[in-house]
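Chemist: For reference, the chains in residue letters:
Protein chains: 2
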Amino acid sequence: MSFERSLPISFEGNKIYDIVYSDNFDGLDTYFKSYNAENARKLCIVSDSKVASLYMDAILDIAKKSFGKVVSYVFPEGEESKNLDTVKNLYIKLIEEHFDRKDLLLALGGGVTGDMCGYTAATYLRGINFIQVPTSLLADVDSSIGGKTGVDFEQYKNMVGAFHMPRLVYINLSTLKTLDTRQFYSGMGEVIKSALIKDKDFYNEIKAGIKGIQELSDESLLDTIYKCNIVKKHVVEEDPHETKGERALLNYGHTLGHALEKYMNFSFLHGECVSIGCIMAAYISRDKGLLTDTEVSDIDVLISDHFNLPSIPADVNIDEIVSFTHNDKKADGQTIKFILLDGIGNAIIRTDVSDSDMKNAFLEYMNKH
Amino acid sequence: MSFERSLPISFEGNKIYDIVYSDNFDGLDTYFKSYNAENARKLCIVSDSKVASLYMDAILDIAKKSFGKVVSYVFPEGEESKNLDTVKNLYIKLIEEHFDRKDLLLALGGGVTGDMCGYTAATYLRGINFIQVPTSLLADVDSSIGGKTGVDFEQYKNMVGAFHMPRLVYINLSTLKTLDTRQFYSGMGEVIKSALIKDKDFYNEIKAGIKGIQELSDESLLDTIYKCNIVKKHVVEEDPHETKGERALLNYGHTLGHALEKYMNFSFLHGECVSIGCIMAAYISRDKGLLTDTEVSDIDVLISDHFNLPSIPADVNIDEIVSFTHNDKKADGQTIKFILLDGIGNAIIRTDVSDSDMKNAFLEYMNKH
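One line per chain: the protein sequences are Z and V, in this order.
Taking our numbering, the leading residue of the first sequence gets 275, the next gets one more, and so forth.
Taking our numbering, the leading residue of the second sequence gets 275, the next gets one more, and so forth.
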């Protein structure tokens, strides 16, 4: 396969950036040349130790053809690096290399890299340009799209951040071949969530094509990621700064997912927790009369039979997990805005989900899995 | 005098916030009530130790009538507090007090407080609302208007920051009566700069009314600050994120001013350096054939005869000061965009100001003062 497809993302009717799909990095050359057409701009490629060892040289080679100066900043892989210290060290690097307001950052990696690099770009000199080159499924379908950037602070995830749009998202699907299976399956949590909240046809296509996805067929991956991006495109274009209700719909599966993730001290992956949260939220949707037993069972089977969900220890403290939902930063004062499904493909916001509703869903999940 | 006047500031045609002028804090009550009409929001008043001792109690009393919870965060006064550590401690305070996305920060103080508090508001939970209650002339006419926020990083001023608009700027002119004279005169540097770049009539009014300003007459202060704000309003509305040329005009006097400020290790105040920079930039404007000798002399006398400018030590290294202009973050690559006056009231951007032009201006200033 050799292809190039793109999807424009707009803000208030004006195109801000493209998501470009390819099976290699060569297309970056065109973008670099156009970015640097006028002046001798500088580029800093930001990546973690693991991704840098795989792809840094390839990107450096392409970038050096266009930029007057190309530098790299590599930090230790893992969520532990997503903090203000990593950001500060990147500021220092940029200062030392005399980066100014028209120079460019490139985030090469998964969600940690994109969020941290994007936040640095948002705040260095009150904001410089950056582009996203995601290398994980989670980053392809979620974290690289929509302009949310940030880092963890103390024990809180994404507590410090900013909305800052990238100038380009360049998805090289071939990077998914080097992603470990657990990370890939974790990304599928967000994929299925995207279909569940907005697009029943897409949901049915995932079901029908699950084998191709698991085998990382190029066509399946392109189709799946593209459709996820279309769902996210519509939501973020409607509500770019999460000030209206629309963007909250993306949090389907996340209220209980985040609480579980935190309770498990991040030993489960984000997408794994989202997958489990999606199943539990389907149970609650059924309890509220919004989904049929058949639909709930269908969702449960699709997620749990194909993506190796981690086992929740039998002795977890469900009360404590549910209590964590009240500290989630998406909580608005005391009221939790819980996302449910009013039929597959139609997410809605509800404020009538009680602690007891959540506990029941948790218990049902524990009994069934 | 008892008055209330206001000036709306817009972004892309939509009003974002008002600058409200008063001679007391009572008008905050109306704003607090309207902000908190729907829900039990929280307010955090952020101030330095000096300003807090003067005004914190008064604001607390008014705020407690409207907000369910009012807390305060006081940090040591001075530019040394304008850093990421102060921001981090404020994050921790907000987390401990369970501040969420709809709660409010209030910056009570001068430029350090407004910039630091505004940056925290820009980045806590990817952005929460804040209001500015400036208590210095510099903050009234410059730092509180226009949405620039930030902190110093390592030895670099405002190296880390974000554009984040306040929801209200509430100017209580009576706070200027407690400002020390040196700080007040420093603020006048930005006042005269505002007139010089955009409004010759305003410049002539300052000259004619200089006595009233020095005596802090209420009417003179209101008129002067209001007119400065109108100049800044037009510039920031035209170029909110400093991406076009227009906003650069506000940097008149700042290229050499910043360099001097840095060379003097911040022992001179910002506005003092801007005043000196305005005089030097007038010399350069004359050397480029843009101002007459009479105009330059007029500017020089107005600034240096009335506002106690600090003496530059005779042994300063002018080469080094000029070299600092190349590290200024407003430098775009290698080219310095220098703001000159093409007549009083008409600032323009020039890229043909050489190091030698700057050195000559510096020498002329040293000889004359």
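Keep in mind that the hints were calculated from the coordinates and are not lab data.
You may find that some hints are simply not true.
All copies of an identical chain are treated as equivalent in the list; a pair is satisfied when it fits inside any one copy or across any two copies.
Here are the simulated DSS-like cross-link-like pairs (lysine-lysine), alpha carbons at most 30 Å apart as the crow flies [what the hints assert, rightly or not]:
| id | residue 1 | residue 2 |
| --- | --- | --- |
| 1 | K338 | K307 |
| 2 | K633 | K324 |
| 3 | K633 | K507 |
| 4 | K536 | K362 |
| 5 | K367 | K339 |
| 6 | K376 | K633 |
| 7 | K518 | K343 |
| 8 | K451 | K633 |
| 9 | K362 | K376 |
| 10 | K343 | K307 |
| 11 | K642 | K485 |
| 12 | K633 | K289 |
Chemist: If any of the earlier hints don't hold here, list their numbers in rising order.
Modeler: Of the numbered hints, 2, 3, 8 and 12 do not hold.
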